[in-house]
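Peer 1: Protein chains in written order, with numbering that gives the first Met the number 0: chain U, 0 to 171; chain R, 0 to 85.
Keep in mind that the hints are not guaranteed to be accurate.
[Stated by the list, open to error] Dumping the calculated BS3-like pairs for lysine-lysine here, alpha-carbon to alpha-carbon at most 25 Å:
1) LYS44(R) with LYS7(R)
2) LYS44(R) with LYS58(U)
3) LYS7(R) with LYS46(R)
4) LYS33(U) with LYS46(R)
5) LYS52(R) with LYS7(R)
6) LYS116(U) with LYS52(R)
These aren't lab readings, by the way, just hints derived from the structure by calculation.
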Amino acid sequence: MLCGAWIAGTFPRIKWHRATYNVISWANALASVKNIGDISVITRDWWNDNVRGFGIMGKLYPIKTHEGNWEGDTPSFLPFADRGLSDPGNLHYRGWGGRYMQYPSANTPAFMEGISKFQKMYEPFFMHESAGDTWSYNGNVYVNDTRVPIGRFRTAIQNDFAARMQMEYQDE
Amino acid sequence: MDLVGDGKDTEASDHILSRVWMMTGATSGSVCGAKSIDLAQALWKLKHDHPSKVEEYTGKILVYDIAGQDALWGLDSRYISTDQMA
């Protein structure tokens, strides 16, 4: 019962983006995943200093749940965040939500293998998969690496988040 | 797909369909969510009631899907929202 595969197969004109790597590359410094880019903005201290100390919402911000990988669904929402560098209809251009393939591929697996078997009956269907990118940071070069699309924007994303939390605090 | 069909409309599927009808010109509709059953029902109804409109309207819809999790969260309605519609 995978509606996504059924929809994509039945209505092929819909442009369907499936976030997979985006979820992993969102994982914070406490996770077992080795992410790249500026890791200092995804530590427990960073959240305590920039988010949890500010305002009513900040106090409520939970970081104990899903230790190491909270907010993993955020990248799929970020195409809506119009920060000037993203075109929601052309996500191969890159953006805060990550990067996707320009062209759809057949029978895109779900992130978790256990789910993929449920979509077999709806094949063939076509979706835009998460894409990698190439980047150099602090002397390291990452070639077609699936951690790059989120990693390269991490500081900007977190700065924006911190600014919004602190804006709320100023209003109190 | 026995999850969609007659009598399976939800508040969310009605809402999505109402937004689909509001899309004009080059505007795109977008759905972001960990589940897609309400979108599926809205599209089923579009196809069932107005088959001649399917090509035009589905061509304007963009979807951002979080890892294809709808087998796990398929009956949980918390994670769906719409935007980018006229």
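Peer 1: For the pair we were handed, LYS116(U) and LYS52(R), check the Cα-Cα distance against 25 Å.
Peer 2: violated, 32 Å
Peer 1: Between LYS33(U) and LYS46(R), does the CA-CA distance stay at or below 25 Å?
Peer 2: Since the Cα atoms of LYS33(U) and LYS46(R) sit roughly 45 Å apart, the hinted pair is violated (cutoff 25 Å).
Peer 1: For a C-alpha distance cap of 25 Å, please report whether LYS52(R) and LYS7(R) respect it.
Peer 2: OK: LYS52(R) and LYS7(R) at ~21 Å, within 25 Å.
Peer 1: What's the verdict on LYS44(R) and LYS7(R), does the C-alpha distance respect the 25 Å limit or exceed it?
Peer 2: holds, 10 Å
Peer 1: Has the given pair, LYS7(R) with LYS46(R), been kept, meaning a C-alpha gap of at most 25 Å?
Peer 2: holds, 14 Å
Peer 1: Taking only the CA atoms, is the gap from LYS44(R) to LYS58(U) under or equal to 25 Å?
Peer 2: This hinted pair is violated, its Cα atoms lying about 43 Å apart.
The structure shown violates the earlier hints numbered 2, 4, 6.
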